[in-house]
Amino acid sequence: MNEVWIFAEQKDGKLRGVSHELATEGRRLADSLETGLAAVCLGHNVQGVDQLVALGVDRVYLLEDPVLADHNEDVYTTCLVDLVRQHSPQVLLAGATTLGRSFIPRVAARLETGLAANCTGLEIDPQTRSLLQTRPCYGGTLMATVVCPEKRPQVATVRPHVFKKGPSDASRQGEIVRVDFDSSSVTSSTRLIDVIEDMGEKVKLEEADIIVCGGRGLGSPKNFDMLSELAEILGAALGSSRPPVDDGWVPYAYQVGQTGKTVSPKVYFACGISGAPQHLAGMQTSDIVVAINEDPKAPIFDIATYGIVGDLFKIVPLLTARLRQANA
Amino acid sequence: MEYFLDEQQVTVRDLARRIAEERILPLRAELDEKEEFPWEIIKELADADMFRVFIPEEYEGLGGRCLDLCLVIEELSRACGGIAISYAANALGCLPLIHHGSEEQKKKYLPQVASGSRLTAFALTESTAGSDAGNIKTSATRRDGGYVLNGTKQFITNGGEAEIYTVIAMTDPSKGSRGASALVVEKDTPGFSFGKKEQKVGIRASSTRELVFRNCTVPEENLIGREGSGFIITVRTIDRSRPGVAAQAVGIAQGALEAAVDYARKRVQFGHPISAQQAVQHMLANMATDLEAARALVYAVARNIDSGAKDFAEAAAMAKVFASDMAMRVTLDAVQIFGGAGYMKDYPVEKMMRDAKITQIYEGTNQVLRNAIALDVLKRRAMRE
Amino acid sequence: MNVVVCMKQVPESVTISGVPQGTASVRPQGKMVINPFDMYALEEGIRLKERYGGRVTAISMGPAEAEEALKEAIALGIGEAVLVCDPILEHSDTLATSYVLARCIERLERPDIVICGRQATDGDTGQVAPQLAEQLGLPFLSYVSRIEDISDGRLTAQRLVDEGHQVVQVSLPAVISVVKEINEPRLPSLRGLMQAKKAEIPRWTAPDLGLDVSKVGLDGSPTRVVNVFVPQRSQQGQMLEGSPESQVDQLLEKLRDAKVI
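Those protein sequences? They're chains A, F and Y, same order as listed.
For the first sequence, position 276 matches number 276 in the working numbering, and the numbering has no gaps at all.
For the second sequence, position 175 matches number 175 in the working numbering, and the numbering has no gaps at all.
For the third sequence, position 208 matches number 208 in the working numbering, and the numbering has no gaps at all.
Calculated from the structure, these hints are not laboratory results.
Do not take every clue at face value.
If you only want the chain F side, here are some residues facing chain Y, beta carbon under 7 angstroms, derived [unchecked claim]:
#1 THR11
#2 ARG18
#3 ALA48
#4 ASP49
Just so it is clear, CB atoms sit at the ideal spot from N, CA and C, and this is done for glycine as well.
Can you build the whole structure from these sequences, using the hints too?
Below, the structure written as structure tokens:
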């Protein structure tokens, strides 16, 4: 029986959170298909591969080489395609990260198979045994379930944070298969010249467990400082809805929504955000949504877990102060 | 109302509306507050070919029709009267060249204006001469194959920002208004400088400055028409530009009416939106009716001009008087409907009220225009006797 | 410089009817517009033409009505446009679509750069650009936020990635997808609009492009949509009442109970 595969993305030698989530979800799918679960990991000096086994992976195909340290998408595409051709998995899942959304479509195209992007739900159809891939479209106002009936593997990118990392079992046995990588056999027409970490030392939006997000209700760029303070004390990432970005208060990299980033943290604080459908599209799968807005009719309250109608210039500093007291 | 605009006019109007809504609306309050010239918008208008609208096709324009220009001015004014006049003043500055300039002058200047790369302005008013154009003190004395200008122009729209000025000056002061001539003076000509920038009640995004000429020499070929034709060029120019001021008034009033209707529907008092009050409804009805009547008159006059008619001065004056008085009433009523909020800078109607006022004043006060209209009315009756 | 911009016509908005979790239907509402992300691609294409000379061509695959979108592109300053239009192309998924676009591009004068928007607002997949690169056998750069330089057959660009930005160099020809940060799209000009009204947009069919019909339309698409539904959105929310102090205290208690802070 052909395996279920996950692509275990690493960054600077550390596995990304979504790799753990995929291990757990992949295990569940492999169990329903009564088959094995394998992970493919490309990188250099990758730490914590055992953790994948502990979460349910049976076999890890590990390719390590200095060339693979950075996400060179040309090389990654070639390596993954080669491995898939050798082993013919029936399912291939990857995180819908920048990397995943850029190179997995190329992998699927080269294999001439189907792909469902940014999935938020995966199930095995009991009749056909094929993968039911559910994903948002039309800015998240609609969900579509997609199948790939004939071509294999069935490939999906999966939105980070949607699936939860399950319990790990350190005693679980698995196999680490080191795959030879011949760097002279791969060529790339792209070259990484520089990395500008202009999100600074701050927590990355895509990886954050908690996000503090501000909207037009903040009124002016300097009021983002107030949110920064709250974010800092929570260890949260700072985000923005579209209007502050359009007005140049914060860079585009902060934007959450259909035209920005898609996030799914444990807690999402929406401060002064009315909740346009395009914004909801980027954050509505958050576990807990806290909405603070002075307009009780703001649509953000329709999806909020906890809503506070009030002046965010009172509520937010108070929240920061209380958390600071608690930490002290 | 359906005005049966042709395809080009619909295109012109729709694009002007898009620019107004997408680019001007977000900036208008700030430009008004800071009295800042709208260079960013001017660039957008130039890129969109809006400066070509009032230039004839032979000079890289799109035909130079009066109605097309009025449509642009109206749409821009609906968002901001100050930005609209910064645009419209270019048409005014060009009119002497278009209708009285030599072929060489047209070929030299009009394509530059059409592309929006150089702005223009018209300079008539002085501290002692506005409607009384015969009392101009700025002199242009012939010397060594050129003219030497001395004097000060006042309240010149686009002053300082424009690069091409059509200036009315006395070449022969002994002849009174028959001694006036029109000359092109380019920015950076030695002896030409700018006085203070005026602080205004309304149309604050536009620039209004003094032009100061001290032994400023321009070459002979900068004379528009012939010596002594300055007064008639002025009269003809302003007759042609008055529908533009009227269109500005219509646009400002349209913006105010829309804001008032939206507010009246939203504002709840005694459990109902104030739009349910008949007192408010009648105000809105009067505003809408006056506005449509003004628009119909402005478009009719513009079409009359575009038909090649010669005799449109009276109708153009009527359109300007009627539309500007209408705009003042409509914007005042809009502020009234907004109540206390209308008096606050957080809402746009107080600016519209401030902007509307100038349309009753410039390019001939409504009083001096009524004199002219009355004269025509009486003359016609007298001629039948 | 020879640039091709790929674009799609999408509904400005849609009406979705259906109960949560039940089969839904989608109806376009309002007018059809150029996919908003493609506006950035078009703008960048026009800027490259202005900066480096050459030509910029917009292509789209879609129904006959998509001609309007291509005319809009011409009004913005795109020189030429081609519509790939054939009933057998309907229901193509991203793999089939990228195959068709690739064959269309191969028919044009060889481009130096193919520019796509990062995704279309209807399907939201963001897959066509990378798959098009594969179909053309060209390198691909996603999420480009700034083109820094083009020289010696190489493009240097900034990309928006999770950490911030990367500066990457790619050999040309290449396919790139752009994000909104890259530019501010211009409005059309009057002369552009008038030119667009008169423009004849060539329409290429499957036979014109010599397409393998087994690779297009529903038959050529490996994926099938089996169900569309409205997401279950509202987790019954709770409004926290009282003074600001009390609201904040209630909130912190809830979050602590949920063990998230």
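These are the hints, each one checked on the structure:
1. THR11: holds, 5 angstroms
2. ARG18: Hint holds; ARG18 of chain F Cβ to chain Y Cβ min 6 angstroms, cut 7 angstroms.
3. ALA48: holds, 5 angstroms
4. ASP49: Where the cut-off is 7 angstroms and the nearest Cβ of chain Y is about 4 angstroms from ASP49 of chain F, the hint holds.
When held up to the earlier numbered hints, the structure conflicts with none and fits them all.
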